[in-house]
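Student: One line per chain: the protein sequences are A and B, in this order. Per my numbering, the very first residue in the first sequence carries number 1; after that it's consecutive. Per my numbering, the very first residue in the second sequence carries number 484; after that it's consecutive.
Hint data in this document are derived by calculation from the structure and do not stem from the laboratory. We put the CB at the ideal spot given by N, CA and C, even for glycine. A few of these clues could be false.
Unchecked claim - Straight-line alpha carbon distances no greater than 20 Å define the calculated DMTMM-like cross-link-like pairs of lysine to aspartate or glutamate that follow:
hint, chain 1, residue 1, chain 2, residue 2
1, B, Lys562, B, Asp803
2, A, Lys86, B, Glu680
3, A, Lys205, B, Glu680
4, A, Lys144, A, Asp110
Stated by the list, open to error - Covered stretches of chain A, as calculated for chain B (at least 3 residues, CB under 8 Å):
hint, segment
5, 157-167
6, 244-253
7, 320-331
8, 385-393
9, 434-442
Below are the chains, spelled out letter by letter.
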Amino acid sequence: MTTSIMEGVVVKLPSSISQLIINNHPNPNYLSNLTTTTTPLKLLLSFKSSSSCYSYSTTTTASVSVPAPVSLGHATRPDFHILHQKVNNGSNLVYLDNAATSQKPSPVIDALNNYYRSYNSNVHRGIHFLSARATDEYEMARKKVAAFVNASESSEIVFMRNATEAINLVAYSWGLSNLKAGDEIVVTIAEHHSAIVPWQILSEKIGAVLKFVSLTEDEVPDTKMLQDLLSKRTKLVVVHHVSNMLASVLPVKNIAQWAHEVGARILVDACQSVPHMVVDVQDLGVDFLVASSHKMCGPTGVGFLYGKSELLASMPPFLGGGEMISDVFLDHSTYADPPSRFEAGTPAIGEAIGLGTAIDYLSQIGMQKIHDYEVELANYLYENLHAIPGVRIYGPAPSQSVHRAALCSFNVEGLHPTDIATFLDQQHGVAIRSGHHCAQPLHWHLGISASARASLYFYNTKEDVDDFISALNDTIVFFNSFK
Amino acid sequence: MEGVVVKLPQLIINNHQPYNYNYYLPNRTSSLKLLRFSFPKSSCSYSTAAAAASLSVSVPAPVSLGHATRPDFHILHQKVNNGSNLVYLDNAATSQKPSAVIDALNNYYRSYNSNVHRGIHFLSARATDEYEMARKKVAAFVNASESSEIVFTRNATEAINLVAYSWGLSNLKAGDEIVVTIAEHHSAIVPWQILSEKTGAVLKFVSLTEDEVPDTKMLQDLLSKRTKLVVVHHVSNMLASVLPIKNIAQWAHDVGARILVDACQSVPHMVVDVQDLGVDFLVASSHKMCGPTGVGFLYGKSELLASMPPFLGGGEMISDVFLDHSTYADPPSRFEAGTPAIGEAIGLGTAIDYLSQIGMQKIHDYEVELANYLYENLHAIPGVRIYGPAPSQTVHRAALCSFNVEGLHPTDIATFLDQQHGVAIRSGHHCAQPLHRYLGISASARASLYFYNTKEDVDDFIRALNDTIGFFNSFK
Numbered sequence: 001m002t003t004s005i006m007e008g009v010v011v012k013l014p015s016s017i018s019q020l021i022i023n024n025h026p027n028p029n030y031l032s033n034l035t036t037t038t039t040p041l042k043l044l045l046s047f048k049s050s051s052s053c054y055s056y057s058t059t060t061t062a063s064v065s066v067p068a069p070v071s072l073g074h075a076t077r078p079d080f081h082i083l084h085q086k087v088n089n090g091s092n093l094v095y096l097d098n099a100a101t102s103q104k105p106s107p108v109i110d111a112l113n114n115y116y117r118s119y120n121s122n123v124h125r126g127i128h129f130l131s132a133r134a135t136d137e138y139e140m141a142r143k144k145v146a147a148f149v150n151a152s153e154s155s156e157i158v159f160m161r162n163a164t165e166a167i168n169l170v171a172y173s174w175g176l177s178n179l180k181a182g183d184e185i186v187v188t189i190a191e192h193h194s195a196i197v198p199w200q201i202l203s204e205k206i207g208a209v210l211k212f213v214s215l216t217e218d219e220v221p222d223t224k225m226l227q228d229l230l231s232k233r234t235k236l237v238v239v240h241h242v243s244n245m246l247a248s249v250l251p252v253k254n255i256a257q258w259a260h261e262v263g264a265r266i267l268v269d270a271c272q273s274v275p276h277m278v279v280d281v282q283d284l285g286v287d288f289l290v291a292s293s294h295k296m297c298g299p300t301g302v303g304f305l306y307g308k309s310e311l312l313a314s315m316p317p318f319l320g321g322g323e324m325i326s327d328v329f330l331d332h333s334t335y336a337d338p339p340s341r342f343e344a345g346t347p348a349i350g351e352a353i354g355l356g357t358a359i360d361y362l363s364q365i366g367m368q369k370i371h372d373y374e375v376e377l378a379n380y381l382y383e384n385l386h387a388i389p390g391v392r393i394y395g396p397a398p399s400q401s402v403h404r405a406a407l408c409s410f411n412v413e414g415l416h417p418t419d420i421a422t423f424l425d426q427q428h429g430v431a432i433r434s435g436h437h438c439a440q441p442l443h444w445h446l447g448i449s450a451s452a453r454a455s456l457y458f459y460n461t462k463e464d465v466d467d468f469i470s471a472l473n474d475t476i477v478f479f480n481s482f483k
Numbered sequence: 484m485e486g487v488v489v490k491l492p493q494l495i496i497n498n499h500q501p502y503n504y505n506y507y508l509p510n511r512t513s514s515l516k517l518l519r520f521s522f523p524k525s526s527c528s529y530s531t532a533a534a535a536a537s538l539s540v541s542v543p544a545p546v547s548l549g550h551a552t553r554p555d556f557h558i559l560h561q562k563v564n565n566g567s568n569l570v571y572l573d574n575a576a577t578s579q580k581p582s583a584v585i586d587a588l589n590n591y592y593r594s595y596n597s598n599v600h601r602g603i604h605f606l607s608a609r610a611t612d613e614y615e616m617a618r619k620k621v622a623a624f625v626n627a628s629e630s631s632e633i634v635f636t637r638n639a640t641e642a643i644n645l646v647a648y649s650w651g652l653s654n655l656k657a658g659d660e661i662v663v664t665i666a667e668h669h670s671a672i673v674p675w676q677i678l679s680e681k682t683g684a685v686l687k688f689v690s691l692t693e694d695e696v697p698d699t700k701m702l703q704d705l706l707s708k709r710t711k712l713v714v715v716h717h718v719s720n721m722l723a724s725v726l727p728i729k730n731i732a733q734w735a736h737d738v739g740a741r742i743l744v745d746a747c748q749s750v751p752h753m754v755v756d757v758q759d760l761g762v763d764f765l766v767a768s769s770h771k772m773c774g775p776t777g778v779g780f781l782y783g784k785s786e787l788l789a790s791m792p793p794f795l796g797g798g799e800m801i802s803d804v805f806l807d808h809s810t811y812a813d814p815p816s817r818f819e820a821g822t823p824a825i826g827e828a829i830g831l832g833t834a835i836d837y838l839s840q841i842g843m844q845k846i847h848d849y850e851v852e853l854a855n856y857l858y859e860n861l862h863a864i865p866g867v868r869i870y871g872p873a874p875s876q877t878v879h880r881a882a883l884c885s886f887n888v889e890g891l892h893p894t895d896i897a898t899f900l901d902q903q904h905g906v907a908i909r910s911g912h913h914c915a916q917p918l919h920r921y922l923g924i925s926a927s928a929r930a931s932l933y934f935y936n937t938k939e940d941v942d943d944f945i946r947a948l949n950d951t952i953g954f955f956n957s958f959k
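Whenever a hint applies, use it, and build me the whole structure from the sequences.
Tutor: If you want it as structure tokens, here you go:
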């Protein structure tokens, strides 16, 4: 079911007519339930032309319709305490930096609280009451992550600090033991630094070669070029699912097939997709997938790697230490099965449990519903931003076939993105980000050094976009006044 | 130290402000009035002969640190299993968190959660400030010379791996030696085994003396020009022994080797001064020192960190990213790839505030008393074998005892203690298999205390253990 956002008009009716409508409406609380998304009531009043008094004919007709649902943004905002504050010069906070990190709903913060106040204990191999409970909740969180991305087993989920560490795990463990000099790793020019630098480090160590896919004229990664780059020498394809700057979505299922056809593996950076849409690793057919908790309503300090069972089972350890071993002798050790093999030392127990609660929260809304709402928001943001003279938005234009993520990286002619972001923040409480967004190669490819970026999440509303647009217009006027 | 609370009749204290006897700080003494009544022989009334009661006011002993701090730890006040009060004695595995720390986490997520570094807006600036303030607090806590000598990691284990992969891979070659003790935690052994496989370096193990402490004489004998790194615990999580780090650091430096100290069991419990100790690397975990899970740190001397290549690559740790190569940030950013555990680091900072407010010397002194009390009472039980050195004037044990009971399996002991008595201890190898094998055992039980434990906790444990032993022996 999609949630559509419609403007509402509240009509103040003469009390006698209101009463008439209330009495006849199936829901007696109708008027009190009216929000800004109610559909207007149509009234036809006919007045007699007598000037001494007016009377109204009882032929007035009132059409009563079922009000439109409240937008997902309006419905969920109350769960996010942090959004309800004033910043700087007393402006209401308008938080549009979700691609950098997301806010956390009360249930997630409560879950963290509850862990530390009630059952904090070290996990695994503990016998006592608290330890057993902490272990159960921690492993339950793993199951939740597995179910969320439709992994076939929970042991295919390895908890890490963040997606960056997860990619490094694959590079150091799978990469070092499977790649050799001359092997090729295909990545796109739009990758986040975390999906580029670990492979540069790996390449230095073993002599593998990075091949970069550039953009089409529509400013999306050139999938034709990607296919052309694939060969028997390709051992790994590393791509984002959704670009944190272009807002474009890659056809990961197809790319996975092309990779497998040449005998290569595929790793997907799902940081900007898992929080915003249905991601099904089995359907996509990916070998590795990474994401970060803090971008999907969960705490900082935890993220995960999804890896196919047989792959993880073949991989040597990365970090060594307690928990990831089976036996430790003086001259060697034997190692645990995945996922423990890749989880050395005490994990981020409370944080993983918090991530599990975030997944509960998101699942309760429904990822399809979140996605559909964000597509609308994305279009609304793009249209309004695009309409401002001098604004240049990066990535593809939205269309029937091209869905953009709910973010826009942009520049304004003659203005520096840092100035834009600073003014928006200080004068209007609007929080966006400016810089290279951990995508320097992409910026250089586009011929720029930095951009501004507004990025939304399901708790944002069209009003947030309106506030941003009016603040941006004010910003542009301010800076232009100096010219 | 025990405190005595006397409930006074209202008559006497009519001019005295009502005093909250339930909670007060150990360094504030309360005035308890000791009363001696003399009553006239008349039975139907007492007269103002009460005025003849002599009041001697003495300053009572302060309440123990454990009693004073327990109220800060909500988790300790619960019943478990069969309705027993929880007696939490598993602090070497992880510590509990005072309300102040949980509140700090709460406050971060509810008020200013935002990504750090390079962010311009209000929330981002605040989150960045608090995160970097936490780094400063950690630096001050261990007396690092600069906050950039503190690298945030997930835990001590990751910190050791960072040194192994970064410093180790670029400084060790085939034939080089790494000296460790047989008592090290797996996290201080396995990374070097992995490194040895890659580089051909050799691990040398220091065994124990008869007193069951690492043999520092043997350690010195093992040091040579081939030694590149010495890896030792400060306090042993099983033997409860304390190594003379300052001396070991000097011996290591004398042969041109570096020293890495696993301070997981010391930083939470005593003053640790990295400059005074002279160590090159030191690691610890937040969750063992009243802080959240998910964060720990590496201390490394500036010049060392500056010389080390990156470990994890990605966002935040770079300076510039080109297609064919990247340039890297200075430490500590060089070693902090991706979004850090922001809230958790801030929580660790608050834990450090909390500990500092008590004072690490005060915590240590209290724990030495607890350690002795635990050891004496445990030692007195027939059939109990405690590992590590006996405490003495010169030998201070940490407030933990790993032990076995003749004829009983430690798992059975721990299970019964938990299920029948709500006493939480740990059983197993405590991430120290080589040590257990050396001692000729496969597992042990371990009770480990922290400053919020009390002598009553020890009493409960001893009583419960006696009951446990009685129970199992009844089958023989």
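Student: Please check whether the segment 385-393 of chain A has three or more residues whose CB lies within less than 8 Å of a CB on chain B.
Tutor: violated (count 0)
Student: If you draw a straight line from the CA of A:Lys205 to the CA of B:Glu680, is it 20 Å or shorter?
Tutor: It holds: about 16 Å lies between the C-alpha atoms, which stays within 20 Å.
Student: Would you say the segment 320-331 of chain A counts as covered by chain B, given the rule of at least 3 residues with C-beta under 8 Å?
Tutor: It holds, with 11 qualifying residues against the three required.
Student: Check the hint pairing B:Lys562 with B:Asp803 against an upper bound of 20 Å on the C-alpha distance.
Tutor: violated, 55 Å
Student: Can you confirm whether chain B covers the segment 244-253 of chain A, using C-beta to C-beta distances below 8 Å and requiring at least three such residues?
Tutor: Since three or more residues must qualify, the claim that chain B covers the segment 244-253 of chain A is violated, with 0 doing so at under 8 Å.
Student: Against the 20 Å threshold, does the CA-CA distance of A:Lys144 and A:Asp110 hold or violate the hint?
Tutor: holds, 18 Å
Student: Count the residues of the segment 434-442 of chain A with a beta-carbon closer than 8 Å to any beta-carbon of chain B: does the count reach three?
Tutor: Since three or more residues must qualify, the claim that chain B covers the segment 434-442 of chain A holds, with 5 doing so at under 8 Å.
Student: Under the criterion that the straight-line Cα-Cα distance not exceed 20 Å, is the pair A:Lys86, B:Glu680 satisfied?
Tutor: Not satisfied, since the Cα-Cα distance of roughly 56 Å exceeds 20 Å.
Student: Count the residues of the segment 157-167 of chain A with a beta-carbon closer than 8 Å to any beta-carbon of chain B: does the count reach three?
Tutor: holds (count 6)
Violated hints, in rising order: 1, 2, 6, 8; the structure is consistent with all others.
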